[in-house]
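2 protein chains.
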Amino acid sequence: MQNFEFYGPTHLVFGKDTIKELSRLIPKDRKILITYGGGSIKSNGVYDQVKQALQGYNVFEFGGIEPNPKFETLAKAIEIVKKEDINFLLAVGGGSVLDGTKFIALASKYTGDDDVYDAIMKHGKLPNSAVELADVITLPATGSEMNCGGVISKISTSEKLAFHSPHVFPKFSIIDPSVTFTLPVRQTINGIVDTFVHTMEFNCTYDVNSPLQDIWAMGILRTLISEAPKVLANPQDYDARANLFWCATCGLNYWISCGVPQDWSTHMIGHELTAFYGIDHGQSLAIVEPRLLRNQKVAKSYKLAKIAREVFGIQESVDLKAADMAIDKIEEFYNSIGMKTKLADYGINPQEAAEKIRERFKERNVAFGEKCAITADVAYDIVKAC
Amino acid sequence: MQNFEFYGPTHLVFGKDTIKELSRLIPKDRKILITYGGGSIKSNGVYDQVKQALQGYNVFEFGGIEPNPKFETLAKAIEIVKKEDINFLLAVGGGSVLDGTKFIALASKYTGDDDVYDAIMKHGKLPNSAVELADVITLPATGSEMNCGGVISKISTSEKLAFHSPHVFPKFSIIDPSVTFTLPVRQTINGIVDTFVHTMEFNCTYDVNSPLQDIWAMGILRTLISEAPKVLANPQDYDARANLFWCATCGLNYWISCGVPQDWSTHMIGHELTAFYGIDHGQSLAIVEPRLLRNQKVAKSYKLAKIAREVFGIQESVDLKAADMAIDKIEEFYNSIGMKTKLADYGINPQEAAEKIRERFKERNVAFGEKCAITADVAYDIVKAC
Chain A
14 MQNFEFYGPT
24 HLVFGKDTIK
34 ELSRLIPKDR
44 KILITYGGGS
54 IKSNGVYDQV
64 KQALQGYNVF
74 EFGGIEPNPK
84 FETLAKAIEI
94 VKKEDINFLL
104 AVGGGSVLDG
114 TKFIALASKY
124 TGDDDVYDAI
134 MKHGKLPNSA
144 VELADVITLP
154 ATGSEMNCGG
164 VISKISTSEK
174 LAFHSPHVFP
184 KFSIIDPSVT
194 FTLPVRQTIN
204 GIVDTFVHTM
214 EFNCTYDVNS
224 PLQDIWAMGI
234 LRTLISEAPK
244 VLANPQDYDA
254 RANLFWCATC
264 GLNYWISCGV
274 PQDWSTHMIG
284 HELTAFYGID
294 HGQSLAIVEP
304 RLLRNQKVAK
314 SYKLAKIARE
324 VFGIQESVDL
334 KAADMAIDKI
344 EEFYNSIGMK
354 TKLADYGINP
364 QEAAEKIRER
374 FKERNVAFGE
384 KCAITADVAY
394 DIVKAC
Chain B
14 MQNFEFYGPT
24 HLVFGKDTIK
34 ELSRLIPKDR
44 KILITYGGGS
54 IKSNGVYDQV
64 KQALQGYNVF
74 EFGGIEPNPK
84 FETLAKAIEI
94 VKKEDINFLL
104 AVGGGSVLDG
114 TKFIALASKY
124 TGDDDVYDAI
134 MKHGKLPNSA
144 VELADVITLP
154 ATGSEMNCGG
164 VISKISTSEK
174 LAFHSPHVFP
184 KFSIIDPSVT
194 FTLPVRQTIN
204 GIVDTFVHTM
214 EFNCTYDVNS
224 PLQDIWAMGI
234 LRTLISEAPK
244 VLANPQDYDA
254 RANLFWCATC
264 GLNYWISCGV
274 PQDWSTHMIG
284 HELTAFYGID
294 HGQSLAIVEP
304 RLLRNQKVAK
314 SYKLAKIARE
324 VFGIQESVDL
334 KAADMAIDKI
344 EEFYNSIGMK
354 TKLADYGINP
364 QEAAEKIRER
374 FKERNVAFGE
384 KCAITADVAY
394 DIVKAC
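Going line by line, the protein sequences match chains A and B.
Residues in the first sequence are numbered consecutively from 14, following our numbering.
Residues in the second sequence are numbered consecutively from 14, following our numbering.
The hints are simulated quantities; they were obtained by calculation from the structure and are not laboratory data.
Some clues are possibly wrong.
For identical chains, the list gives no copy identity; a pair is met inside one copy or between any two copies.
In the DMTMM-like style, the derived pairs of lysine to aspartate or glutamate whose C-alpha atoms are separated by at most 25 Å in a straight line are [said to hold, decoys possible]:
#1 89 with 337
#2 29 with 18
#3 184 with 18
#4 89 with 365
#5 184 with 145
#6 122 with 358
#7 41 with 18
#8 369 with 74
#9 384 with 30
#10 33 with 126
#11 353 with 332
#12 41 with 344
#13 29 with 220
#14 167 with 368
#15 184 with 368
#16 135 with 329
#17 33 with 92
#18 29 with 341
#19 29 with 383
#20 41 with 128
#21 243 with 220
#22 334 with 34
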């Protein structure tokens, strides 16, 4: 096991009918800005539950945070926070709304002279505090509800970049799995793939003698595979919805990552596909991951073979053969829940995409993965095979 | 899955050569009381590492906190905290030292008129704050390093009781598994059994459709079984020591307990055996658990059968038969690492012990377990079979 540090102070409130706990969790004197997305919370009843719980509070609202939240949109919320002296941000929605709200919380405290986007996203000049924030998370996918990171896009430069700050851990997160009963199938599937790939990014690297971490990561994969068909067959299966949400949260609350090396190169390439072509985050991951695993099969053979045996029950003693079979099974799983796994499925030319991504990675002079093996040229090979 | 809340703000620092991080983690202006036990930290080098890291701090010391920490001892430390205006407690040692230090931290803030022991341990009159505390934990066993509970004994009344307060979460916990290389075998074994039983208490109850929690709990059991023989064969096997320590921490940091019912009746009976006869905590659990599981076999058959199949690889399709086999395997595992599992092994008369415990549980009018099935009379039956 590798040395590690872990810190996760978010108070999680999970279960049926938990949105009403807002009034217990937020001090009465807070001036609250509720942030949300395109308005689905108004049709599924979440907005009404939140407003009901916050009766008597001083509440402002900011809607319209889009999937892959845009800096240009968030900048408007930052103005409101400053103008109205907001001291509590409540994100109500999915990971995009929460990621955007984390950025608002941090950027509202920025006092430097540089452009605030460049300072936080590119130059590492992060403020030493943030506006207090919490969330009612309505989409099982990003795990943003128990971590201190976010991913922000910028329209003007086609960029999609991540930031992290200990000041943006949600003070609390409320998860009521029943609010996901009415999720569009596409979002349910995206969330399942996102969770699957987070878990793979944390665990599918090389062996460091971490049996417990490996079992836990494979436990998430096994649970996704067992629960996904139940949810797709019966969207109102509370237990299956709850199990999927718990997988999503545990897929990125860093519990499974303690003491093990991490990858994240599928995400790095996927972010570029989203930035260039606008495809969903989950879709981009399902396209990239099988090709990336194939490309890195030798380096990842120990973990892939373990996944083959413990997740998919494959009886194959040769690691490299088992690894190949695991990759096939993963793509089959994605396809089985209705997720497409080829660039051509979205009308994207692999050659063109590969060239664009190679160029961008070269510009930034970056290499990704647990051993920095995913250089611009390797990324080109991977995307070309997508 | 059941509704649940989770909160765990402790900053964990895990790995080789991490004690030196104390100087980064404790603000320079703190007036520190180091608490420790019988002095093993002086022979194994931990004390020197701590003192080296704390050069330049204002440091007091309080040694002599015993296994099953006694209120009578802790009261002396509370006097020092008050007299010297100590504002940071650093526990250096095992779970007993840390549990005792949590009590010191809380009791030092008590201002009521009642006896402080009765107020905290019996009447639920807990202070609303505690002295800031952290630890260098040296024994993988109690998991106290990432939770907010403690267990305290009182000599004058032969009592052993638990308390919980969100104010006694360690601010940070440092775990360097290499400090366990020199642990006496008896303590290593006690810690393995303690961790095993914590995990069982959290998971071996009844089915609530919690596949991920079940896999995670069984992951701890599997890892204990795989790593214990390695540590006993080679006490300086760093990876095996690290894996055992990580199991111990995760056995009681409440990660595996999210959304599932809990038992804890083995602990309740075990505490009485320790209080009456002075046997080690781990020893008491190894004696009680197999008999308690057998007594509750029908109610626990779903989980016991799952453990039989997933932990011990038993191919038996009838749940009750598989449950019996799992209980046999658990006792075999304890015996295989050198842990005795009968009262007679310690010269204790089961009939006498059973009567004492029945009387005490009747006095207190308590019933334990996930469905309160362990009444005084059931506890009598269980202990008599030990």
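Results for each hint:
Within a single copy, residue 89 and residue 337 get their C-alpha atoms no closer than 48 Å, and across copies no closer than 64 Å, so neither meets the 25 Å cut-off. When the C-alpha separation of residue 29 and residue 18 is checked against a cutoff of 25 Å, the pair qualifies only between copies, where the shortest distance is 12 Å, while the shortest distance within a copy is 33 Å. In the homo-oligomer, the alpha carbons of residue 184 and residue 18 lie at most 25 Å apart both inside one protomer (20 Å) and across protomers (13 Å), since each shortest distance falls under that limit. For a Cα distance limit of 25 Å, the shortest separation of residue 89 from residue 365 qualifies neither inside one copy, at 35 Å, nor across copies, at 74 Å.
For the homomeric pair residue 184 and residue 145, the shortest alpha-carbon distances inside one copy (7 Å) and between copies (20 Å) are both at most 25 Å. Proximity of residue 122 and residue 358 under a CA criterion of 25 Å is satisfied in neither setting, with 43 Å inside one chain copy and 65 Å between copies. For a Cα distance limit of 25 Å, the shortest separation of residue 41 from residue 18 across copies, 21 Å, qualifies, whereas the shortest one inside one copy, 34 Å, does not. Taking the shortest alpha-carbon separations for residue 369 and residue 74, neither the intra-copy value of 39 Å nor the inter-copy value of 63 Å comes in at or below 25 Å.
Taking the shortest Cα distances, residue 384 and residue 30 sit within 25 Å of each other only across copies (24 Å), while inside one copy they are farther apart (45 Å). Within a single copy, residue 33 and residue 126 get their C-alpha atoms no closer than 41 Å, and across copies no closer than 37 Å, so neither meets the 25 Å cut-off. With identical chains, the CA atoms of residue 353 and residue 332 are never at most 25 Å apart, being 27 Å at best within one copy and 40 Å at best between copies. Taking CA atoms no more than 25 Å apart as the test, residue 41 paired with residue 344 passes in neither setting, with 49 Å inside one copy and 54 Å between copies.
Proximity of residue 29 to residue 220 under the C-alpha cut-off of 25 Å is restricted to the inter-copy arrangement: shortest distance 18 Å between copies versus 39 Å within a copy. For the homomeric pair residue 167 and residue 368, the shortest alpha-carbon distance inside one copy (21 Å) is at most 25 Å, but the shortest distance between copies (72 Å) is not. Taking identical chains as interchangeable, the C-alpha atoms of residue 184 and residue 368 are never at most 25 Å apart, the minima being 42 Å within one chain and 49 Å between chains. Within a single copy, residue 135 and residue 329 get their C-alpha atoms no closer than 46 Å, and across copies no closer than 58 Å, so neither meets the 25 Å cut-off.
In this assembly of identical chains, residue 33 and residue 92 lie within 25 Å of each other by CA distance neither inside one copy nor across copies; the values are 29 Å within and 44 Å between. In this homomeric assembly, residue 29 and residue 341 never come within 25 Å of each other (Cα to Cα): the closest approach is 37 Å inside a single copy and 38 Å across copies. With identical chains, the CA atoms of residue 29 and residue 383 are at most 25 Å apart between copies only, with a shortest distance of 21 Å across copies and 39 Å within one. Taking the shortest Cα distances, residue 41 and residue 128 never come within 25 Å of each other, neither inside one copy (34 Å) nor across copies (35 Å).
Taking identical chains as interchangeable, the C-alpha atoms of residue 243 and residue 220 lie at most 25 Å apart only when they sit on different chains, with a minimum of 18 Å there against 33 Å within one chain. For the identical chains of this complex, residue 334 and residue 34 are neighbours neither inside a copy (51 Å) nor across copies (44 Å), given an alpha-carbon limit of 25 Å.
Comparing the model with each numbered hint stated earlier shows that hints 1, 4, 6, 8, 10, 11, 12, 15, 16, 17, 18, 20, 22 do not hold.
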